[in-house]
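Going down the list, the protein sequences come from chains A and B.
All the letters of the first sequence, read from the start, carry residue numbers 1 to 414 under our numbering.
All the letters of the second sequence, read from the start, carry residue numbers 1001 to 1452 under our numbering.
The set of hints was computed from the structure by calculation and includes no laboratory data.
For clarity, every value in this text was computed on a predicted model and none was experimentally measured.
For every residue, glycine included, the Cβ atom is placed at its ideal position computed from N, Cα and C.
The reader is advised that the hints may include incorrect statements.
Which residues of chain A face chain B? A partial, calculated answer using Cβ under 8 Å [claimed, not checked]:
1) Pro27
2) Ala213
3) Glu216
4) Met253
5) Arg257
6) Pro263
7) Gly306
8) Ala309
One side only, chain A facing chain B, incomplete, derived with CB under 7 Å [stated by the list, open to error]:
9) Thr131
10) Leu196
11) Leu218
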Amino acid sequence: MSACARVAAVAALSLLLGAAAAPAQSPFAQTNIGQDLRVSDARIEGRGGWGVAESDTLSPSFHNVAGLPGLRHVAISVCGFAALTASETATSSRNSSRVATPSVRLGLPLDGGRAVVTAGFRALRGTQYTTVTPLETLLPDPADPLGDPVIFHGTETLVREGTQFEVPLGGAYRVNDRLSFGATLNLVRGVVRERLRDDIGTPDGTGDSPYVAISEVLTDDISGLSTTWSVQASPWRQLRVGASVTPGHGWDMTRTRDMLGLPGTRTQLYEVRLPATWSLGAQTPVRGRWRAGFEYESQPFGGFEGNDAWAAEMVDAWRWSAGVERVEQWRRHGGWRNLPLRLGVMRQRWPYRVGGSDVLETRIAAGTGLTFRDQSGHLDVALSYGWTGERQDNGLADRTWRLTVSLAGLERWW
Amino acid sequence: MSQSTPRAPQPRLPAAAACALLAVLAGCTSDVANPVGAGLPGELQLNTPQTLFVGAMSVSGQVAVKDESRSYDHNELLYFGVQGSEASSILARYDVTTLPDSLPAGSVLNETTVTSVKLRLFRTEAYAAVPDSLLDEVHPLLPQNPQKVFETYTLAAPLDAALYPGPEPATEAQIGSQTGSGASVFLDLPVAQFLSWVTAGMNGLLIREGSGSQPGLVGYAAVDMTSSGYQEIDRVGAGTTVGPVLTVAYRDAAAELDTAFVFEPVADVSTFHALAAPPSGLAAGFEVQTHLRRYPYFFPDLDGLPDDILINRAVLRLAIDANSFGPVESLVLHEVPLSLLADRDTVTVQEIEAVAVTSAGILAVDLGQMIFDEETWVGFDVTGTMQRALNGALAPDTVLLLTAGEDFGGYRVSGNYTPDFYFGRMLFLGTAHPAQPPHFEITFTPFSGGGL
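Isolated chain A, as found in the complex:
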């Protein structure tokens, strides 16, 4: 293994360990199907998120596996992000942080790079947030148990957590210099868990506390299978277009409910139907080292079925992104000007409403990166700032800084 591949491996492990300590994300993620956590790599993040038309053999992009043909080395890509979110409501605010579960992707060239098989792991959606709210309830007065009940004070803690992830297994094939196809079979697993606990103290706040405690856990274990079909083409000069579609599919859900102190678990099986997701994008050189691109993705969650509580708030989600990139160069004494520079903007509608209104998110991003010695890989970083929701519409609003890091290592394996 080359030095850069070792760095990539160590970084991947570190990111995984860091993800285990992730404490919280946006409060918007505390409900419904959760927040979109898909991230391909920092190059794409730095450009605002477009990359379905991307094909790069030095820093391979798995955003669209149809772009992988041409790869000459085994490629290992690790990408994760950390986010700092400032959330506020009309009466309070909270700063929270999170390290997302990183994605790991592998590309293995065959037939001189004409074909590529790929496997990996990536998070799809996640929900990780905790709220603590004051609570009051009426209970008998220990000093006068048969008299009028008195107010007991306490707190209610809601923890919602879980990640939906997929393991894509697939391949891509280059038909000719202008056309390639890709397909993956995605094993979907995950969990959404709500823990709700009421802790009620004694009336005067002293004594054995909690005086009364109630805790329940609701867990949805997810198991599903989906496919993604993709294509890339260069129809005219250096214009490159790409598209991918994940047809509608089902998830088998196993719902378990537990109440602390009660024996046994209540189990319920059901299925949810997810709508098809498709994306379309293009990129083209514009001037010198600069190129521009865009992407549009549609997730019509208005057609979601199977969980009435989720479906009641769901809407058709969409995301568009656009940006420019100054590609890297290797001129001697070029200094910082050799580095790539990426700028982009993204706007999306979340797949569910909060507070009766759509959740709209806008993010601006910038990024750069560098190539490892001997072209054995690539390190990229992206920094973005986003606005999510409006206090007057959604009841709360987020401001989020996100730092995305990706490492791509190339290994000559034969």
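Following the hints, position chain B against chain A.
Chain B in isolation, oriented as in the chain A frame:
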């Protein structure tokens, strides 16, 4: 971009940059969770706790409890006096026929050389008079140093301690009557009577409360008091004979012998010839009686509780009956099988210990102080027992036996005494009481997923 593009070598920046970024990522922390985000639709909604008062019992009764390792006449205290419906006298028998063997040859034993015969009683500290300011540190429900008239009789037949508690035995002549109080009482006995016991032996003595006494049962040390009970006796060190000893003063000038002989009783026992009947049932009240131990047992009727509930808190609440008296004792609820208690008048402490599981307890319940403070209720947190009963994890014939702080169960008051030491009656109002009946206060929350 292509792999084949030539490029200049880069420094070791990648590893350094990766490490720096990871350090930044690892340093992120979050504020403590607060209401931000609350109110978003969730699928999990907890039900509100409800409280049900369960007064009906599915089973109840009471049982006398004895220690099979110690017979009644080997109790450490002798009870004397009258308190309410309880009355007890002291019985003691001595063997003084050995006295001549203790005298030097040629000594004379007559009414001249035996100058006095005294029977001494040591009172336990629990019955001492104390300043009002210290009342809460001792036992306010015990009589405080009452003035007593001690009438002494000889028994018509030899003392049989195995007959007690029971009626007073037949007596012969009264041989003494005197008034006394305090930490120790000395009763003068006729010397001539004593000399007759030396020559012919004795049946025993009965010490009975005479008219003019202040009310109250008072505990005096028995010959069986062990060293563990010595600190209940005022200013008496370990090794002192604290039982009701006879002290015989002897002076023979001719023999130049001036000494005293002390005789311990060969048997002593409290008669408890009058005992209050226990409450006739739970409707009349609960009673925890110590010394002559008698404990109630019961179990609530839980049929009114719905299925699939979490018992957040189950508390047995008992209202104190002001007729209670006795020292500070712990109160303990044990889970025991009904089969041990049903249809039995008496069980042993050992039988209970072998099967009992502690459900709840209160250490050192000072009923006197509680009555003084106008407190009404004592409560036992039996949440675990009730939840296990609903979960089916409790044996179906389990009942709750309410005891004082026995050696087992974890609630013994101190190393000084066990519940067979002091006599006391801790009384609680019964289910027929119109305002303060005993009840199980069960606060529960229905499982929100119970319908699945």
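Hint check:
For A:Pro27, the interface hint holds, since its Cβ comes within 8 Å of a Cβ in chain B; the closest pair sits about 3 Å apart. Evaluation of the A:Ala213 hint against chain B yields a held restraint, the C-beta minimum of about 7 Å falling below 8 Å. Checking A:Glu216 against chain B: minimum C-beta separation of about 6 Å stays under 8 Å; hint holds. Look at A:Met253: its Cβ only gets to about 12 Å from chain B, farther than 8 Å, so that hint breaks.
Because the beta carbon of A:Arg257 sits about 3 Å from the nearest beta carbon in chain B, less than 8 Å, this interface hint is met. The closest approach between the C-beta of A:Pro263 and any C-beta of chain B is roughly 5 Å, which is under the 8 Å cut-off, so the hint is satisfied. A least Cβ separation of about 13 Å between A:Gly306 and chain B goes past the 8 Å threshold, and the interface hint is therefore violated. At its closest, the beta carbon of A:Ala309 sits 5 Å from a beta carbon of chain B; the interface hint therefore holds under the 8 Å criterion.
Given hint, A:Thr131 at the interface with chain B, holds; its Cβ is 4 Å from that chain's nearest Cβ, closer than 7 Å. For A:Leu196, the interface hint holds, since its Cβ comes within 7 Å of a Cβ in chain B; the closest pair sits about 5 Å apart. Taking 7 Å as the C-beta contact cut-off toward chain B, the hint placing A:Leu218 at the interface holds, the least distance being around 4 Å.
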